[in-house]
Amino acid sequence: MTAYQTQRILWRTTVYILLVLVSLVFLLPLYVVVVTALKEPIEIRVERAWDFPSKLYWQSFKDAWLELRPQFRNSLVLTVNATAISAVMGSLNGYVLAKWRIPGEKVLFPLMLFGMFIPYQAILIPLFTFLSDIGLSGGLPGLVLVHVVYGLPITTLIFRNFYVQIPDEIIEASAIDGAGFFNIYTRVVFPLSLPAFVVVIIWQFTQIWNEFLFAVMLTKDDTAPITVPLAALAGGEAVQWNFPMAGAIIAALPTVLVYIIMGRYFIRGLLAGSIKG
Amino acid sequence: MYSRRDRIIAFLMLTPSLILLAIFVYFFIGQTAYFSITDWGNNPTEKPPLAENVDRDIIELENYERLMTDLLEFRFRNSLVNTFFFTLFFLAGCLILGFLLAFLLDQRIVAEGVFRTIFLYPMSLSFVVTGTIWRWLFQPRGGINVLPEKLTNLTIGGTHIFPESWRTEPLDYGWLESRTTLWGFNWADVPQYLTYIGLALLFIAVFNSLFGDRWRSLASLSIVLVIVRFMYAIGMLPQWYTARFFENIIPDTITLLVIVMGMLAVINFIRGSSDLSELRLPAVLLGVRIIILLFYELEVYDTAFFRDTLPELLTYGILALGGFSVFTAIQEERYKPVIYLGSAIALVYAANELGWWENFWLPLDTPLAEIQKGYNAALSGIIIAAVWQMSGYVMALFLAGIRGVPEELREAARVDGCAEWQVYMHIIMPNLRAVALSAIIILGHISLKIFDLVFAMAGPDKGTTMVPGLLLYTDGFRGSQFAKGSAIAVVMLVLVSLVIIPYLYSNLRTERRT
Amino acid sequence: MKRRLLVLLTLCMLVTATVVPGITQAQDGELSGDLEIFSWWAGDDGGPAIEALIALYSERHPGVEVINATVTGGSGVNARAVLQTRMLGGDPPDSFQVHAGQELIGTWVIADRMEDLTFLYEQEGWFDAFPAGLIELLTYEGGIYSVPLNIHRSNVLWYNPAQLETWGVAVPATWDDFLAACPTLQDQGVTPLVVGEAWTVNHLWESVALSVLGVDAWNGIWTGETDPAGPEMIDVWAKFGEILACTNINEDAGSLTWQQAVDRVVDGGAAFNVMGDWAAGYMATTLELVPGEGFGWAPAPGTDGVFMMLSDSFGLPNGVANRDNTIAWLALLGSVEGQDTFNSLKGSIPARVDADTANAELYNAYLQSAAADWSADTIVGSLAHGLVANQRFMNDFNVVMEVFLTSSSADAAAQAMAAVCAQSGACG
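Listed in order, the protein sequences are those of chains A, B and C. Heads up: the first sequence begins at 1 in our numbering, then just goes up one per residue. Heads up: the second sequence begins at 1 in our numbering, then just goes up one per residue. Heads up: the third sequence begins at 1 in our numbering, then just goes up one per residue.
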């Protein structure tokens, strides 16, 4: 064995050891959550947070699921709709901004982007009043609207940065062939945008699913998304930690699944140019 | 190329988004800004803030002034300090860990997908969930604190895995309960610190822009002055107050410099390699030497002169030189933003020094003033939780960035005999600059706005972990001080804008160039 | 057996029908539509009690769909934010939970957001049913603005009798007694007095302040007769500081909910806890301890003969969508049956003077003793729970506490409190 090979093996072992160690640290909280959720309430003590449950107690999951089911459904409706609408609108906006010269574009685009950075507490009162005025307060449609609007800057940004990389020649060629605004979009631009859609969908899905402030402010009990009862479980005066932990697992499941399934495409999508800006 | 009709359609497609954002962002911000200059909620007994036709009067900037000067508003000022440190460590943690993970994952790893998912999954959780989990982990009598004990006392079939000497007791670190404050500072000194930072930025910009220029020496001199002034301010130079230094060392050094430089200039002139312009600097120095001499002869100086007057003169000298340098550097486009920022800060400082707003920045000398200013150790737990949540995202960004570097380029470097780390240093790192910048922007604005994580982890009323977003929520909503809440919101917006606007600006500029 | 049950039921209904005419009326009225009840009672903390009350309402008015809107999280901070936003946006819930006193008057009534309920009091004959002093707390410029549901006591000291015996410590009658016992307990590795997250520290403070100041000076803070920065108040802070030194404030206080703090006392990790008497409900219902055996209680040191009270109440906001349903709800709240249903589960004593507090099946030993004190003691209002000071003062009192905890200076705290007094207008 040459010195080079020894060195190489040593290096690779170090890499794997490091990766496993960091992974363990990343998984610690998950371990605690799962273990706590599976414990009987009587067994839960801070001092024994790391111990395995003496017997698996699945009741918390059943209870939490019964409690969270209606809001889980609301969250699905909300997230799917808001994500889809903001992705499509963002895609069209990105297309317009990247490929069509719009008067004042240099000013409009940054102005649109700025919306992404505002602290949302800052606009709560005007927002609520506005939604009441147009009759959309207290329901899911209002919340969908809000998430679509505040999602527009990031979706527009990602799509625009992605579309900028499509060579103008392709589009010009179609234009010369007589394709109009929509034809170019449906035939040329849209089919190319899958990676950007993946990034946008993952981003929006997580953001909207996990959002709490608007959720608690703009909905009522029967229209609330899942973070509201989850916060009630976790942030209430409850002492039975198994229940909120089980609730947290249920609430996190859809987004975690999205990451597990689409994680590979997420990085590919980022790679495809959405990160430049 | 495109038909007129299509262009109109394109614009129309954009309009709904523009209108919605105009209302939801700018109109609402406008309303908030308006609330922030009223007295809405300032006087709850006389003017009930929650009345239907609420009685609001415009009081201009009073709310802002109170946030900065009112003794009871120390929580706001502390929340700014907390945000500063939170942002600093959160960014550093995420970038370092994210880069490390991306680097490790890039080593052609078996089961890369598994590791990637493990690092990414925290990002899919809401801050409410993260906060709940980590609050549990940071319980002083459990969680992280008992982990070392649990691990070192692990047994398999009744026998200990680790030797006796390894076993430990539970830790007693307070985490979120900690009341320790590190790196304390006096709030009244903040304008000065800002000035130094601003001036340093300014001079770095100027220095760079003037590289090779004839004003270069002037700029570097200014930098030296700034450093000296700074060392004075933080008391690093107590022994320099001694007269000996000023009486002997400095004048002698200057004399020596004048002689050497003058001789060099003359020699160069004689050899014909330059004109007499090289004599300018020694001439100036000679002037300084003569002034010093005059000072001594006229007995203008005493100890107080070195302690008080000289630093002040230095400040004005710095400002004058700085202004002059700015004037010359202003033509250089790329340094403009930095220069504007620096000048703005310098102006604020100057205005403060000149007493333009006497009450704006109180030197606080009541008992209330001595309240924790610095890095609150209680923030550590929250920073750890935030890094845990967001470093996976940074890893994904970096990984994408690394993979974006063409393999041929890396191979070529390897063929040239570069070690793996050298490939990273010279080929990959430079390509990650844009990625790092966008990561900084995304993380930076998250940390400036942070609210739910702190709320879920530490609760709403803990001064040690207070952040502006939370204060806005507790005081603005629970305390019905809507005007004050709006003012905090505006300050947050300004902070975010300071990060975002230069970024958007430079981004669009580079695009225009390419 | 079945017949006896039937007879009992009929009897019950008859009693209700005669005692509570309002309900029978409402019953005839065939109400329909929605009723949105807004509170921060969920989970262990009042959840079952409000649900039982709602069940009772639904039984009476099957046509009405009751929406139990609870917003929990961090001592009602979310609930308050949601409520304020909804009110400002012109979309009030049909009825909402509010503490009697300044939280109701100083926040909502002076803002002209509530409907005067005098008509309901007259119709239901409530002027005799509720103590006059309590009605006074709901009154502003001649109008009465909410219906009280229960009475809680704030100044109670909880302990575990068996444990005290092993440690050889008696229940302290004054704070000085407590301070004397403090080293004994600390030497045995016991936390003498356990506190929890931020608001429980404020809660402790009000009991200390009451004992140092006495009734008149305590009331004087809110009328302007006691100087908030005066020597008496500095004494309060100094005493408070000594007491805090015997607590877990610098260890893990902030990480404990009030229940976890109570758990410490039950487990024997701590000797005493000052908490409102919802702690009795928690220990008796959730932990299933027998009052007097599993846990003991006494007035907070130095406050014997004084009952520091708070009361949850519900009101009728202006311009609600379902006014008739809300009035029926309020009528039910104020009825004997409504109060007994709720309070036996919540672990509080009913606000009505004629409720069935003697019934040992509904009210345990603690509640009976509290009911006795309620009628015998001097009554003062709680600060930490919104009775004596407005929202603004309560919110900013956290700042005062922060000043004290970080500076440990009684002077600084008193100064800060004076400043809060001046800014909030809460001190006369």
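Be a bit skeptical, because a hint or two may be false.
[Unchecked claim] What the simulated footprint calls covered on chain C by chain B, stretch by stretch (three residues with Cβ under 8 Å from a Cβ of chain B suffice, anywhere in the stretch; the number is not a length):
(1) 95 to 102
(2) 337 to 347
[To be verified] Okay, derived cross-link-like pairs now, SDA-like style, lysine to any residue, Cα gap no bigger than 20 Å in a straight line:
(3) K220/A x D112/C
(4) K106/A x K47/B
(5) K220/A x G428/C
(6) K47/B x G428/C
(7) K150/B x V35/A
(8) K150/B x L136/A
(9) K47/B x T406/C
(10) K220/A x L136/A
[Claimed, not checked] Just a sample of chain A residues kept apart from chain B, beta carbon distances all over 10 Å, derived:
(11) Y16
(12) L30
(13) R45
(14) D51
(15) L66
(16) R73
(17) P110
(18) P119
(19) G139
(20) V188
(21) E211
What the hints contain is simulated information worked out from the structure, not anything from laboratory work. Since we're looking at a predicted model, the values are computed, not measured. The beta carbon of each residue, even a glycine, is placed where N, CA and C say it ideally should be.
Worksheet item: In ascending order, which of the hints set out earlier in this document are inconsistent with the structure?
Response: Of the numbered hints, 1, 2, 3, 4, 5, 8, 9, 11, 12, 13, 14, 17, 18 and 21 do not hold.
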